[in-house]
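Trainee: Position chain B against the provided structure of chain A, taking the given hints into account.
Each protein sequence line maps, in turn, to chains A and B.
Taking this note's numbering, the leading residue of the first sequence gets 29, the next gets one more, and so forth.
Taking this note's numbering, the leading residue of the second sequence gets 4, the next gets one more, and so forth.
No false leads were slipped in.
Estimated spans, in silico, between C-beta atoms of each pair:
(1) Thr147(A) with Lys71(B): 40 to 48 Å
(2) Pro10(B) with Leu88(A): 20 to 28 Å
(3) Leu149(A) with Pro43(B): 22 to 30 Å
(4) Ala81(A) with Phe54(B): 20 to 28 Å
(5) Asp91(A) with His85(B): 42 to 50 Å
(6) Pro98(A) with Ile12(B): 34 to 42 Å
(7) Glu80(A) with Thr33(B): 22 to 30 Å
(8) Gly68(A) with Thr33(B): 29 to 37 Å
(9) Gly100(A) with Ser83(B): 40 to 48 Å
(10) Ser42(B) with Gly113(A): 21 to 29 Å
(11) Gln45(A) with Met99(B): 38 to 46 Å
(12) Pro82(B) with Asn79(A): 41 to 49 Å
(13) Glu106(A) with Gly19(B): 47 to 55 Å
To give a feel for the contact side, a few chain B residues facing chain A, derived at Cβ under 10 Å:
(14) Val7
(15) Ile12
(16) Tyr39
(17) Gly44
(18) Gln45
(19) Gly46
(20) Gln48
(21) Lys52
(22) Cys94
(23) Ala95
(24) Lys104
(25) Ala109
(26) Gly110
In case anyone wonders, no lab produced these hints; they're calculated from the structure.
For each residue, glycine too, the CB sits at the ideal point set by N, CA and C.
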Amino acid sequence: DTGVSQDPRHKITKRGQNVTFRCDPISEHNRLYWYRQTLGQGPEFLTYFQNEAQLEKSRLLSDRFSAERPKGSFSTLEIQRTEQGDSAMYLCASSGTLPGASGAPNTGELFFGEGSRLTVL
Amino acid sequence: AQSVTQPDIHITVSEGASLELRCNYSYGATPYLFWYVQSPGQGLQLLLKYFSGDTLVQGIKGFEAEFKRSQSSFNLRKPSVHWSDAAEYFCAVVFMEYGNKLVFGAGTILRVKS
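Next comes chain A alone, as it looks inside the complex (with noise of 0.2 Å):
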């Protein structure tokens, strides 16, 4: 399978647990992101990777979140100290750029996996 993969795909959890949830991207994007999405809501984005570098941070993503990607491949989201406000589908999406776009803002699509779903009890 070359798609996006993400493990676990369900968590239960109860209140003050820590979760990680991990993410392997299509090998050859360069791109990584993470987004959260809730009952009749749309994804939300949480934050992205350019290879291994965070290059930008939602506001939504608090000090209890944190993310790496440390060789550039896979990654993994951490929630500390989990709250039943936490419960929610985390999604993950990988990129690439465009052929002959090095350097431009990627307009590339985004391939999502089936997202880790969460729940706090």
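Mentor: Just chain B now, with coordinates in the frame of chain A:
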């Protein structure tokens, strides 16, 4: 702030009928526009995208969308809906002046009745 509006939360159409899903976005000089579809338990799938050129773009599964800059709109259309089109549809925009992230609308749930 950059925003994308999908005014219809739910739409129900009969199988075989035509479909139009509305999308409007806040002002942006160079928006890049997308429509994604999400079926239950599935990831988001790109239907079509507009970067430049012809303002009527064709996508997969018989969908098309028209970019109207004067109305800041990018409505999705399909001439004849199939039962398998029942899903949630998201309009998304990259506002190039504000970085490279996709901003999504809240989605429109399409129900198809036979």
